[in-house]
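Protein chains: 4
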Amino acid sequence: MKRIGMLTSGGDCQALNAAMRGVVKSVLNSGEQVEIYGFLDGYKGLIYSNFRMLTWSDFSGILTKGGTILGSSRTPFKTIKDPDENGLDKVDAMLQTYHKLRLDCLVVLGGNGTHKTANLLRQEGLNVVTLPKTIDNDLYGTDMTFGFQSAVDIATDCIDMIHTTASSHGRVFIVEVMGHKVGYLTLNAGIAGGADIILIPEIPYDIDKIVDKINERNAKGSRFTILAVAEGAISKEDAKLSKKEYKEKMKNYKYPSVSYEIADKILEKTGKEVRVTVPGHTQRGGSPCPYDRVFASRLGAEAGKLILKGEYGFMVGYRNREIVKVPLEEVAGKLKMVDPKSAIIKEAKMLGISFGD
Amino acid sequence: MKRIGMLTSGGDCQALNAAMRGVVKSVLNSGEQVEIYGFLDGYKGLIYSNFRMLTWSDFSGILTKGGTILGSSRTPFKTIKDPDENGLDKVDAMLQTYHKLRLDCLVVLGGNGTHKTANLLRQEGLNVVTLPKTIDNDLYGTDMTFGFQSAVDIATDCIDMIHTTASSHGRVFIVEVMGHKVGYLTLNAGIAGGADIILIPEIPYDIDKIVDKINERNAKGSRFTILAVAEGAISKEDAKLSKKEYKEKMKNYKYPSVSYEIADKILEKTGKEVRVTVPGHTQRGGSPCPYDRVFASRLGAEAGKLILKGEYGFMVGYRNREIVKVPLEEVAGKLKMVDPKSAIIKEAKMLGISFGD
Amino acid sequence: MKRIGMLTSGGDCQALNAAMRGVVKSVLNSGEQVEIYGFLDGYKGLIYSNFRMLTWSDFSGILTKGGTILGSSRTPFKTIKDPDENGLDKVDAMLQTYHKLRLDCLVVLGGNGTHKTANLLRQEGLNVVTLPKTIDNDLYGTDMTFGFQSAVDIATDCIDMIHTTASSHGRVFIVEVMGHKVGYLTLNAGIAGGADIILIPEIPYDIDKIVDKINERNAKGSRFTILAVAEGAISKEDAKLSKKEYKEKMKNYKYPSVSYEIADKILEKTGKEVRVTVPGHTQRGGSPCPYDRVFASRLGAEAGKLILKGEYGFMVGYRNREIVKVPLEEVAGKLKMVDPKSAIIKEAKMLGISFGD
Amino acid sequence: MKRIGMLTSGGDCQALNAAMRGVVKSVLNSGEQVEIYGFLDGYKGLIYSNFRMLTWSDFSGILTKGGTILGSSRTPFKTIKDPDENGLDKVDAMLQTYHKLRLDCLVVLGGNGTHKTANLLRQEGLNVVTLPKTIDNDLYGTDMTFGFQSAVDIATDCIDMIHTTASSHGRVFIVEVMGHKVGYLTLNAGIAGGADIILIPEIPYDIDKIVDKINERNAKGSRFTILAVAEGAISKEDAKLSKKEYKEKMKNYKYPSVSYEIADKILEKTGKEVRVTVPGHTQRGGSPCPYDRVFASRLGAEAGKLILKGEYGFMVGYRNREIVKVPLEEVAGKLKMVDPKSAIIKEAKMLGISFGD
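Protein chains in written order, with the numbering used here: chain X, 1 to 357; chain S, 358 to 714; chain D, 715 to 1071; chain Y, 1072 to 1428.
If you are wondering where the hints come from, they were derived from the structure by calculation, not from laboratory data. Possibly wrong hints are sitting among the right ones.
Simulated crosslink set (DSS-like; lysine-lysine; CA at most 27 Å straight-line) [claimed, not checked]: (1) Lys1311/Y - Lys1407/Y; (2) Lys666/S - Lys1060/D; (3) Lys1115/Y - Lys983/D; (4) Lys895/D - Lys957/D; (5) Lys251/X - Lys611/S; (6) Lys1055/D - Lys662/S; (7) Lys611/S - Lys473/S; (8) Lys716/D - Lys758/D; (9) Lys666/S - Lys269/X; (10) Lys1023/D - Lys703/S; (11) Lys422/S - Lys220/X; (12) Lys1311/Y - Lys1161/Y; (13) Lys1161/Y - Lys986/D.
Derived coverage of chain X by chain Y (criterion: at least 3 residues anywhere in the stretch with Cβ under 8 Å from a Cβ of chain Y; other residues may be distant) [what the hints assert, rightly or not]: (14) 144 to 154; (15) 185 to 198; (16) 312 to 325.
One side only, chain S facing chain D, incomplete, derived with CB under 10 Å [claimed, not checked]: (17) Lys382; (18) Ser417; (19) Thr421; (20) Lys435; (21) Asn484; (22) Asn575; (23) Arg676.
Every value quoted in this text rests on a predicted model; they were computed, and no experiment measured them. Yeah, the Cβ is synthetic: ideal placement off N, Cα and C, and Gly gets one too.
Go ahead and model the full structure; you've got the sequences and the hints to work with.
Here's what the structure looks like:
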């Protein structure tokens, strides 16, 4: 008999349900008796002992369902050790819930912040298995995260739709893609959507290079230009600022997001009006793409295997086309970023894409 | 032999190409000899005699293609009689182009503004046939316009995707749908997407009613609320202002759009953070949906028939499930709006949807 | 207090759930107390008193869900008066279930066969309200049925995908679209997908006319030809046979379906290999399109209104853009078919589409 | 100055255009002068010197376009050395075309058969670079081929749509997925679509195991069962036959395809009617998915790089997440198959999926 706790934490994404279904199916199909405690709304559910007993039928038919049947919330790691507004010690509360329910292990699905807390719980002696969920694909220790390819599909659809209107009107368009610190999503959606310019946090941009590219396209007879811009795109000047200076600068920032600033500068330098489209949270939503369903199901099945073997303290990740277990201490607190010198960046440049550098 | 001029004007939308293909196919299949002059970028092409001779092959394979192969631009009716920056009389220039090319007629695809200018050209003696294009479905004289259903599909997709993330996080979400003056698009996408609250220009909203609905849902255990908000949604107070007063007020408007204002007010009154998603120009883009392809093709075919018969001065429209010809003077300058007392509004209310009124 | 029975009968289609949700929401939102008895698998559930009590939450989140939460089955009208294999009188059993549960009314969602049985139950004194469900749009008394537009979307997608491979290989392709007796679905998907030849039951085809069209396209340089063929497409010779003669002929029919016969004949007469694609039951599946969601929700809401008023014996239909109640006796046993002389057929021909006639 | 010949051979698939665009963009962006000879309809174009000079604009806007702008055809390798019907030596003719046009190299996009011929041309002294195209992902020497993920998406969509109708009617459904010899496509679409049983050529099935699974599901209360069956699925008995015996057996095969045979046997053994859906060529069609667009673009760019460096005799492949050059002699004539002992098969079984073994 295994008593398994389960929670999804951080921004939701596609294939969370597929992954949980994978875990549960693989444990149940092994013939092992199981009790599943689903904690609601991320770590909050664990802290406040807010859970639902889940049965087989809760996981039936959810392979294709977006979101998470457990709900999610953001519980920032940097305040996890602070007491809550009623003075409750949150870490302590999580340990108590775990022990009170006599759980054998805790399955945690989440991204970067989630993994820091998961590692903390491991250090506190809990049996933890994690699954790498994020549309950003920025988790260290795994080549891929689920949610990523689904988000690429949605952001690409968006660029595709903008393409027809951009070409009809001969306009400059910016599609703002999710990603504050890491540009994988923007990079892939940008290439897939045939963007002419791609701006990602890892490659600070020079506005003049952007303008050059627009002018070059005009000179060649291309009436329109499409930019795929990550939320965290940053100019060369801003990239040179210290954290403090940058924070100071952003205090008086007048734009809703960086895309609008870039749009303004392009208008100023070229006289061309720029339209901005922000698909926003749609990038996290909807049914997972087949790639993510297969991937999340496989990860889930392997997590189930670890549980059956009693091997804890790992994230189930993907490296060199193999599903592997990665020690949590290797994952927590690290970010995987786009290498500006990587093959894909070079290839994108060979295709004529400008990164504004 | 027919010499046909053709242009697409105003914001682009889906099925413009399908409609033009319909016109050209039906004329060519009649056996009539044809020369087709495609004016580029809307009325601008007619004004400045900027055109391309089009052949059969230009219309092959474009049934499914978004945008317009002729390009488009906005040429505001209210300045159409003013000379351009070089002193050129624009109306005069259009007449000259038409006569110089010895055109038999001009086929114009466009929305409200476009139809005013088309009617003006008719009054000046040109043979004009028009096709009703707009994602807003706000053209007078026709039950339906092409582009509308495709835009409904896209806006609904957007709400669908937001649904999974809204329910996972228990959040309030606003999806801002296109439509400055008319709410058909928001109304239909809102019902199709299962929005809980729909705000359209024709039904001014009371912020307290919106808050009531959100609270009522919470009380019933629904963790999230989704609002479909038209760009032109307006509060009861603002709706009472005179045009001048409203303009004055908007001068210092601090929000990028009305959705952000509503989001702010909801936060203020409920303490709930609200996320705003703006699909924007994607609603005009991409391949037309099958409904629009059939509809635009049929309208195009009937326009071709009018041309063959030499019957001019009409918009080809759709009324009571029949394709009809509507005199341009009946169409021009009028807006078709959602009737707050119409059956669909009542039905939506029966479904539990709040209009904030 | 209303005690409402509900069932879905016949082949399933999209938006059944949306329609039922509409009925239930509109009744519940009226403030009326309600008990909902969901009979499982169509009339079978009513016959064998197999039902589930449904609550509000059963209808939450099903707007976008394909299929039917009640299950369905085909209960042929022509055997409805025959006793079942255990000698049970089926009609009698249905009446007994109805009365035993003291139902106020029965809501029935279905197509042609379903309506005949519904009308029979009405004649037997039951309070019946029906909703027009079918991908064939062949129900008499309503301009539109839900499921139809969703099926058009899927069949069109299929033709779109075949287009790229057909043009790459210069091949003749047949896409077989659902519809044994009525061609609306094939007609609309064919036009939307840009099919070159459309064969529907209402317009018997001449194989030589089909071959002519293929040759004509080749002569013009079009390397490929796409046929949208209804399951019930019929040749002019077969159309002349009496029912008996036709049945006799079909006894030894060697093809899986008519498309394969047509493919064979084209090969014989042109030497061109023809590929057949049969999307089959996919045309009934998946999430309803936005059009169907809105339409089914509206019909459901109006059905709810009839129930609240106690007006029974009607199908809720759609005529001239208005939702209307149609007496069941007007609907039952009649088929709505494509008129070969209708405007849409003429327009399709103007677009160059051949119907093989 | 580079004179580049280019052709696409074998069954078409998604992202052929994206890959060619990648090659051409990367060569042109290098500043090198280029002449591009596009041979039409695969090797046929090279044999009969049937080509079109391609310019930059031919490759603009084709990233998202399905099919191949060059056309394709199957030219079986086993007859490549035989003279054609007019006595022409085909290999010789290809060499002549190549030399007559003074080509620097030949870029060939294709699958298994195509690579055998490409290797032959290399042996005959031509400079050849190839790109791995196939929806089957069965090319030796590369972890992935373009077209595969797009086909997975389409086949999965098909299973998704069947799911709603299968569950509504409580039926057994077979979705027949492309793949005569190799099961990657069926395997991935099956997992992604939540199929209960997956049959692939690499794992011969036992019909009784299939029946057991169906009965087991019924016993658990699951009303329906979905099988994803590869075109080349084979029973244990048939797998034991020699090639000759098997051919003999298939001479009198009465089914259109193996799915219908399996359907028949299930009916016989369970009394359950089984519906078969064959998405067929749709799996090769339509716009490439974002994954394939990025992947094909990257491969194309690297092929361009090889051309610029004058490195020939390679397929551009993908191994361990790196794009690599693979000597053609290593690729030609080998098949990559699903290993029945691989991790993904084990994981699928952990998820409860039966392979009928």
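Checklist entry - What are the numbers of the hints the structure violates, in ascending order? => result Result: hints 7, 9, 12, 20, 21 and 22 break, sorted rising.
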